[in-house]
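Asks: So this note's numbering is basically just the index in the sequence shown, starting at one, shifted up by 2.
Relax, there's no trap hidden among the hints.
Listed below are the simulated SDA-like cross-link pairs for lysine to any residue, each with C-alpha atoms no more than 25 Å apart in a straight line:
no., residue 1, residue 2
1, 286, 149
2, 184, 39
3, 286, 132
4, 286, 264
5, 286, 344
6, 286, 263
7, 184, 43
8, 286, 137
9, 286, 449
10, 286, 346
11, 184, 45
12, 286, 331
13, 184, 172
14, 184, 42
15, 286, 442
16, 184, 74
17, 286, 267
18, 184, 68
19, 286, 150
Read the hints as simulated data drawn from the structure, not as lab findings.
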Amino acid sequence: MADPRLVWLRRDLRLSDHPALAAAAASGPVVLLFVLDPAFFDGAGAIRQGWLAANLLALRDDLGGRLCLRRGAPELVVPALAAEVGATEVHVSAETEPAGRARDDRVQAALVPAGVAWVATGSPYAVTPGRVRNRDGGGFAVFTAFHRAWREHGWRGPALRPDPLETLDAAGDESAWQLVEKAAAACPIDLPPAGEAAARRRWQEFLGRDLLGYATARDRPDLDATSRLSAYLKFGVVHPRTLLADLAERPGPDADRFATELAWREFYADVLFRQPASATTDLKPLNLAHDPPGNGFEAWRQGRTGFPIVDAGMRQLLAEGWMHNRVRMITASFLTKDLHHWWPVGAEHFLDHLIDGDLASNAHGWQWTAGTGTDAAPYFRVFNPTTQGRRFDPSGDYVRRWVPELRHLPGGDAHEPWSAPDGHRHGYPRPILDHASERLEALARYRAARG
Numbered sequence: 003m004a005d006p007r008l009v010w011l012r013r014d015l016r017l018s019d020h021p022a023l024a025a026a027a028a029s030g031p032v033v034l035l036f037v038l039d040p041a042f043f044d045g046a047g048a049i050r051q052g053w054l055a056a057n058l059l060a061l062r063d064d065l066g067g068r069l070c071l072r073r074g075a076p077e078l079v080v081p082a083l084a085a086e087v088g089a090t091e092v093h094v095s096a097e098t099e100p101a102g103r104a105r106d107d108r109v110q111a112a113l114v115p116a117g118v119a120w121v122a123t124g125s126p127y128a129v130t131p132g133r134v135r136n137r138d139g140g141g142f143a144v145f146t147a148f149h150r151a152w153r154e155h156g157w158r159g160p161a162l163r164p165d166p167l168e169t170l171d172a173a174g175d176e177s178a179w180q181l182v183e184k185a186a187a188a189c190p191i192d193l194p195p196a197g198e199a200a201a202r203r204r205w206q207e208f209l210g211r212d213l214l215g216y217a218t219a220r221d222r223p224d225l226d227a228t229s230r231l232s233a234y235l236k237f238g239v240v241h242p243r244t245l246l247a248d249l250a251e252r253p254g255p256d257a258d259r260f261a262t263e264l265a266w267r268e269f270y271a272d273v274l275f276r277q278p279a280s281a282t283t284d285l286k287p288l289n290l291a292h293d294p295p296g297n298g299f300e301a302w303r304q305g306r307t308g309f310p311i312v313d314a315g316m317r318q319l320l321a322e323g324w325m326h327n328r329v330r331m332i333t334a335s336f337l338t339k340d341l342h343h344w345w346p347v348g349a350e351h352f353l354d355h356l357i358d359g360d361l362a363s364n365a366h367g368w369q370w371t372a373g374t375g376t377d378a379a380p381y382f383r384v385f386n387p388t389t390q391g392r393r394f395d396p397s398g399d400y401v402r403r404w405v406p407e408l409r410h411l412p413g414g415d416a417h418e419p420w421s422a423p424d425g426h427r428h429g430y431p432r433p434i435l436d437h438a439s440e441r442l443e444a445l446a447r448y449r450a451a452r453g
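Please construct the entire structure, taking both the sequences and the accompanying hints into account.
Replies: Take a look at the structure:
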């Protein structure tokens with residue numbers, strides 16, 4: 003029998019379209035490992051822990067229990083397991099996020115004395131960050147140029163699922179599984195169905211029901227018109243190449259728009275790969291005056307600012323671990339340009355609660371709104387929450403769903419409770435600030451920072 007290959011899973015919790023798994027399985031039996039790294043897991047919020055745990059349990063079921071779970075520092079766990087099972091190769095999907103790259107460097111160094119090869123195949127992206135280059139060989143700072151080059155670069159088709167997949171059992175850490183089961187049970191929100199099969203079902207539902215019209219309906223939080231695949235992409239339960247392959251069979255503006263949204267995810271990952279510090283600091287620094295978080299920040303976190311579309315989004319985040327993308331921009335603008343807080347304060351809150359919290363997309367999406375990132379919104383663009391609400395939730399259905407204190411107000415009136423004689427009779431708070439005044443203050447601060 004050939005020596006087993008060790009497949010170390012990270013952001014690739016699936017069996018289909020898995021290049022690293024396919025490469026390992028082509029040579030014989032494999033041992034599949036997930037390391038519950040305290041440096042990553044323990045610092046995650048209960049929602050992120052719960053979603054990861056649910057998908058690990060689903061993958062264990064898919065493998066008939068043959069998923070080895072161990073807890074500890076990967077630079078200790080991976081070499082130890084490789085020695086136990088006699089593996090001469092460790093196969094992974096390449097990691098491109100800063101902390102993941104540093105971790106992988108430590109593991110590779112630890113494998114060298116034992117002569118165990120490190121084999122990286124594929125990544126969590128259709129095109130691995132760093133491969134789309136401009137004419138000078140560097141990266142792109144503007145999405146439109148990246149998008150064009152990304153499409154010209156292209157990507158391979160989905161990798162075939164090994165059939166049969168010969169897996170070997172390896173002793174895991176029962177206490178680690180107990181920790182995972184506890185995290186899944188203790189998750190404070192109702193999670194969507196977890197696992198690869200659930201992701202594919204959701205994708206097929208979207209293709210059959212909501213792809214038609216997606217290009218315009220995607221901006222409407224009152225409509226169930228988005229795929230919600232971002233949560234599955236977070237841990238690689240489905241691969242973007244799978245989605246792109248299916249979209250290629252349905253040409254048209256809606257499929258093209260969805261592919262463009264995937265390109266945004268890949269663009270931000272590429273920017274973070276090239277400029278790791280942008281995860282927590284301004285990509286394009288401005289000497290901008292910020293206010294420290296206080297009562298306004300707490301009102302924003304709790305969804306009690308008095309601005310209905312903002313509060314609806316923040317309450318959806320707390321209840322579902324997800325927020326519609328249009329509303330993410332509205333709530334981010336409110337924090338950065340009405341409350342005048344530095345964007346990382348909000349980005350951290352989002353990552354604590356989002357089940358689809360992607361480091362690159364989250365950080366750079368916030369910077370786009372704050373005016374300090376790639377393709378940054380012009381500094382004079384300050385989202386008016388009432389106007390945004392009336393435009394993208396015209397009937398007020400989204401607000402009424404998440405702000406029950408306003409369910410007595412008909413239609414779009416839910417966006418302006420202060421205009422109705424009984425708008426606040428059920429305890430909905432008055433606005434904590436005057437948007438027009440804070441807009442002028444934001445513009446003044448940005449002009450001062452720009453010199």
